[in-house]
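**Student:** Kindly generate the complete structure, drawing on both the sequences and the hints.
Chains as they are written, first to last, in the working numbering: chain E, 1 to 247; chain X, 1001 to 1403; chain G, 2001 to 2137.
Just so you know, the hints here were simulated from the structure itself, not pulled from any lab data. Keep in mind that this is a model prediction, so the values were computed, not measured. Do not rely on the hints blindly, as some may be mistaken.
What follows is a set of in silico ranges between Cβ atoms, one per label pair, in the way DEER data are often shown [said to hold, decoys possible]:
id, chain 1, residue 1, chain 2, residue 2, range
1, X, Tyr1248, E, Leu236, 26 to 36 Å
2, G, Ile2035, E, Gly246, 27 to 37 Å
3, E, Asn217, G, Gly2040, 38 to 48 Å
4, E, Leu236, G, Gly2091, 49 to 59 Å
5, E, Gly60, X, Ala1260, 35 to 45 Å
6, E, Pro37, G, Asp2063, 12 to 22 Å
7, E, Ala83, G, Tyr2109, 57 to 67 Å
Just so it is clear, CB atoms sit at the ideal spot from N, CA and C, and this is done for glycine as well.
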Amino acid sequence: MKQDTDMNRRRFLGQAAAAAGLTVAPGVMLYEVQARPADQAATSKQRWGMLIDTSKCSTGCTDCVTACKTEHGWGSTETKSNAEQQAQWIRKVKLTDKQTGHVQSLPLMCQHCETPPCVDVCPTGASMKRADGIVLVDKHICIGCRYCMMACPYKARSFIHEPLMNQKPHAPRGMGTVESCTLCVHRVDNDGIPACVESCNAKGHKAMYFGDLHDPNSEISKRLKEFGGEQIRADLGLNTGVRYQGL
Amino acid sequence: MKAIRYQEIQGNSFGYFALLGILGLIVAAGGLAAFYMEHNGHWVTGMTNQVVWGMPHVFAIFLIVAASGALNVASISSVFGKKQYKPLAPLSAFLSICLLLGGLTILVLDLGQPDRLIVAMTIYNFKSIFAWNMILYNGFIAIVAVYIWFMLEKRMNKYSKYAGFAAFFWRLILTTGTGSIFGFLVARQAYDAAIMAPMFIIMSFAYGLAIFILVMMAAYNWSGRELGDATVRRMKNLLGVFVGAVLYFTLVYHLTNLYATEHHGVEAFMLRDGGIYTTLFWWGWVVIGGVLPLALLYGPTGDNRSAIGLASVLVILGGLATIYVIVIGGQAYPLEMFPGKIVESSFFDGGVKAYSPTLAETLLGIGGFALALIMVALVVKVLRVLPESMSDAIADPHYKAEK
Amino acid sequence: MYLPRYIKQLVGILGVSLLLALPLTSQAGDLLPSIPKGKGDKCVEPTADMRINHMEYILHQRDDTMRRGIRTSKHSLKECIECHNAPAKDGKVARVGNKEHFCSSCHIYSAVKVDCFECHTDKPENAQYRHAVKGNH
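**Tutor:** Right under this line is the structure:
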């Protein structure tokens, strides 16, 4: 059966990832392996989220951005668009306090809100939130009106201004539609973690954590409980899935 | 008051065909521009991921807002029972449909995927004001079409009052919906204000009536028909009231914002430091669109038709400047994500965004405007919507022949 | 677009008969699509069924994967490409818009526009990698 083959592959990948995880950081598992069979839909039992420790995120480091570009194929594919027109799924932001001069650095991307303004305003329902909290654009029914871009408080979304070729098979992107961080949904569905988090940890920065916010025993939940984690524009009450420590 | 006789314009003069030719050329240029944009992608426009809505949206929103206002004359006759507005009610209703179609055409042609319009028409997210607007705009066209039918078909005349009521309420909801496109945007400093919806309604009254006055004067002047002073005078007084009301709403909007320290940044940008947006606000929105028309309409030139025409043109130009400041200026001002911090990034966070429209997107906008006007020009030729004469003896219920 | 199944089948039968009949005419040679053969000996559904209903299968899978996270590979466009995108005559990977591409061969012939490839890639991630249907379908 096809199902069995798939399950075997997934089990193997899970074990391999676990082994790799143990090798990278003995004693510390950076994420949890929670297998969901390929034929079952994502459910609200999980809510995927990310925690960024700004104290460990250094100015000038762009490893997470590079990893995202490589994973999804943005950054060099748009040749006709100017810098302001090119897509950016994740970017590094440098903050300087106007009074104290204190400098901080953090990656900024789609915050995967619990009540996303982009989903509210989308006329066709192309802008959507999956049951497990991942906010996505269904490019099949996106008409390219860009109202979601007007509504996003984080400027997390990009519109594609020119025809594209040679996309990654797992990351379809095309002219006239809007796109943004997918929280590497294709990896998450295969029990993986987002490319940015993987890269940040692999390079030893350990500034990013990914996991299930609904699981009190997950690394991310424990850290959030112990150290807290702020939301950008908490005043809007959007309950973001991406949290920042030391903001 | 005598019976009104509706008559098509002859429409076989050189001037008429020249008008059609010029408007047709502009429409064709707009169509080519749209094709060029869709074929290449939006990189050929000045729109970016920083300023996502540009010139096409300025024209589209202006026309959609004005469309609702163009129905003023019909509403005043049907809803408020003013007889002197009744003869021109059909023209008013047709003009509003044409302006709406012109605006929507621009909006649709600017979409990233215009061929998926069928998706937008069949799948609705009812939490989105955009989805509601699609229903409101289509419904408006349907209701006003029925209204026109009831007005022009003698047997249905008795129902035209009810259709007029329906159209009146529908247009108020429609413009509320258009204003709420911005009013509901919590993310941006310049929007997210309840006053947006009523301000858009009053703006629609002013812009729509200004376009109506110009269309009416042109139609009567160029077809050699008589247009009495009573009609023109009433309309210019009304226009003055609406223009004044726009200024009032503008004042309240900015005063409220100025009171809250949180909004000082965006207010300083709009009113003082915003460069082109500040210029357009003071010179376009306030002076050209407000103060000058008021002076022309209520000053010593008040009875001069050229002055009234000029005032209407100024209201339209000022209106375009107003929408430009709201749509583009609102996006140019940076999102305030980190209060009290200087923000820098590769994605232009923290800075004021630049926008320089290209010829293509501007032509698309102007093309939509021309499309609306060419439809009006054709309507008055093929349908009996224009009273043969609007002389005071016919149109003014208080007319007394001079001895 | 929803059409009753029998209408689709009728259209399919007519279409197939037309394809069969065309070679009988003398100049039809160049016009006919030459459909590249996929890897392996069978597709995920019977060939006749795929000819008529492939778009329905892809559409269904599209919404399941995109909106619900169901990632079975049976009806996924990615897997279609993996099996069916045979190399072009010059040995390079066939690109959409070229008649040698599996999808284009028929879609150019029948003048039906596909917009899958405005966003999806038209070739396997690794051009050398083509596989047959895995397991028992």
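**Student:** Please name the hints from earlier in the document that this structure breaks, with their numbers sorted from lowest to highest.
**Tutor:** 2 and 7
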